[in-house]
Amino acid sequence: MDLSAINPVLLIASLMVAATPILIAAIGELVVEKSGVLNLGVEGMMITGAIAGFATAVETGSPLIGFLAAAVAGAALSVLFGFLTLVAQANQVASGLALTLFGLGLSALMGQSYVGVKPPQMSDIHIPVLSDLPVIGPILFGHDIILYFGIALTAAVWALLKFSRAGLVLRAVGENHDAAHALGYKVIRIRLMAIMFGGACAGIGGAYISLIRVPQWTEGMTAGVGWIALALVVFASWKPWRALLGAYLFGGVTVVQLNLQAAGVAIPVEYLAMSPYVITIIVLVILSADKSSAPAALGRNFHASR
Amino acid sequence: MKLTNLLTSAAVALGLATGAALAEDKTKVGFVYVGPVGDGGWTYEHDQGRKAVVAEFGDKVETVYVENVAEGPDAERVMTQMALEGADLIFTTSFGYMDPTINVAKKFPNVKFEHATGYKRADNVSTYSARFYEGRAVQGHIAGHMTESNIIGYIGSYPIPEVIRGINSAYLHAKKVNPDVQFKIVWAFTWFDPAKEADAAKVLIEQGADVILQHTDSTAPQAAAQAAGNVITFGQASDMAEYGPKPRVSSIIDNWAPYYIARTKAVIDGTWTSSDTWDGIGAGMVGIGEISDAVPADVKASALELKAALADGSYHAFTGPIKKQDGSDWLAEGETADDGTLAGMNFYVEGLEGDIPQ
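Protein chains in written order, with our numbering: chain A, 577 to 882; chain B, 67 to 424.
The hints are simulated quantities; they were obtained by calculation from the structure and are not laboratory data. Possibly wrong hints are sitting among the right ones.
To be verified - Derived Cβ-Cβ restraints for the label pairs, each shown as a range:
1. A:V711 <-> B:Y381: 45 to 51 Å
2. B:K117 <-> A:S869: 54 to 60 Å
3. B:R143 <-> A:I862: 40 to 46 Å
4. B:E214 <-> A:D708: 23 to 29 Å
5. A:E635 <-> B:E122: 34 to 40 Å
6. A:G681 <-> B:T343: 36 to 42 Å
We put the beta carbon where it would ideally sit given N, CA and C, even for glycine.
Build out the structure end to end from the sequences listed, making use of the hints.
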């Protein structure tokens, strides 16, 4: 065993990378659920975003345009869900599951000709003085721009939900759609916008995997990250900062277990492999002891005539 | 009830098989793949073998394949379906398909099965594998010469004899040219998961490895090595030449085409019998991809010498004296390992650190 081989600075830097796709997808889903809609299609929107972003980045040579395309693709797929549940009054759980299956199939089809292709590289931001600082430099100032986007998004969503009028309206729709409707708010429109925001976030999260974390396209490469993001929202009690904590915890334990293996720690590998799931769940279950903030209308369909 | 179902489906399958054979006079060959055909590694090479069969026999054969088949009940369903649809010969191309292959073969005695890298056989089940450890000896030789940090990272898939053999072979030959070399091994518990493979490669690089060997199938470790800069890798199963001349400096290539053609021909001619094939560099089943210019000329020359010696049989990759990890004797001076021990290898050789997951 040689624990000194593990460099804590590099470890923190790489756990942030591992956590970013989960974080961005979870923040998107958090907004969706705050509006009272349960969209289980995160995995499907992520994988669609992963291939749409990858293909666009390869064709245009620009990773940033790729991320934009991923957001559009995720949002477009989520509109399908919005139509089914908001207009056609379909069951949200079933529609979400269908969306995941549809997304997995669609992405496999779209990705046929992109297997084995190398995407354009997304360079890390390099700020002259700050990036060269010891310890803090690599952790805080040496990443790609999407990683900072994820953190900024968390802060923005938190501030929006907590302090702004728009956030208040969104929460009102999620708590009691009939009351919000009676007050004259357009429930359907607000929910559709929330769903599209969630889809765009999931798409960006997926593209982060195919463009930065791996970077490569293969079928099913999101490998359950969307489901983890979904679970994270519930365990985080619909609070953005807790979602960030959970994502970093999950990413962190994932990276730590690989580090421990490489350092030759004598814990059976199977325990190490399941540790990210177990530890994240335990910590978030403890944190989620307060049940205060589950949106009351979560999962219930709205129709103005009722 | 279950038994009648079984008998009915078997009868239907037989009817279909003979019916199809009489009607079209085509030999139908099925392939079950564990990854996508575009993985650029293991499955890609099996599919190249399938294409070679098509090219060789043209209209006389019909091939079908199913990709991304999970090891387990799914595999059994896919094989059963293929047999029901009249396949005469089915190649099942992953270690984890071993028990499903045997199970399905029992239900379809007239269908021939070929299982890659397994050790269970039956009257209608052959096994075949390649001596990848010979290729890994060459890689280990190059790796030992090339490492400057003396730390070599190894991404293992599952702790099965095939993978353990590869680790031992690479380690022995790296150690031979560089006594200070140390192996860091990470088990991914997957054959193909680019995100996990990329993370594993990054972790190994962060812990000081400047050479990454992998026994997983995607090119994600190559991409991670390229991003890290001064790290070299080897192509696994396929050439992965798009990452040359660096980080990919050489590769082990699986070449299944001659075997697939020969076995298909045996079925067409009616001479197929259950057999166990294990060929290496000599027979061409294992190829060494071009050693790139990133490797110094003298190292390249000695690596090619080693390859030639392995090919003509003048040198065996496991030649004593070799001790096991616990210090007990395994092979005496000049003694070579027998195939039985190699096939069931479940121990590290002396010098490797860590435990094999049980």
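Verification of the hints:
1. A:V711 <-> B:Y381: 45 to 51 Å: Since the Cβ atoms of V711 of chain A and Y381 of chain B sit about 50 Å apart, the hinted range of 45 to 51 Å holds.
2. B:K117 <-> A:S869: 54 to 60 Å: holds (57 Å)
3. B:R143 <-> A:I862: 40 to 46 Å: Given about 42 Å between the Cβ atoms, the range holds.
4. B:E214 <-> A:D708: 23 to 29 Å: holds (24 Å)
5. A:E635 <-> B:E122: 34 to 40 Å: Because 37 Å falls inside the window, the suggested range holds.
6. A:G681 <-> B:T343: 36 to 42 Å: Holds - the Cβ-Cβ distance for G681 of chain A and T343 of chain B, about 37 Å, lies within 36 to 42 Å.
The earlier numbered hints are all upheld by this structure, with none contradicted.
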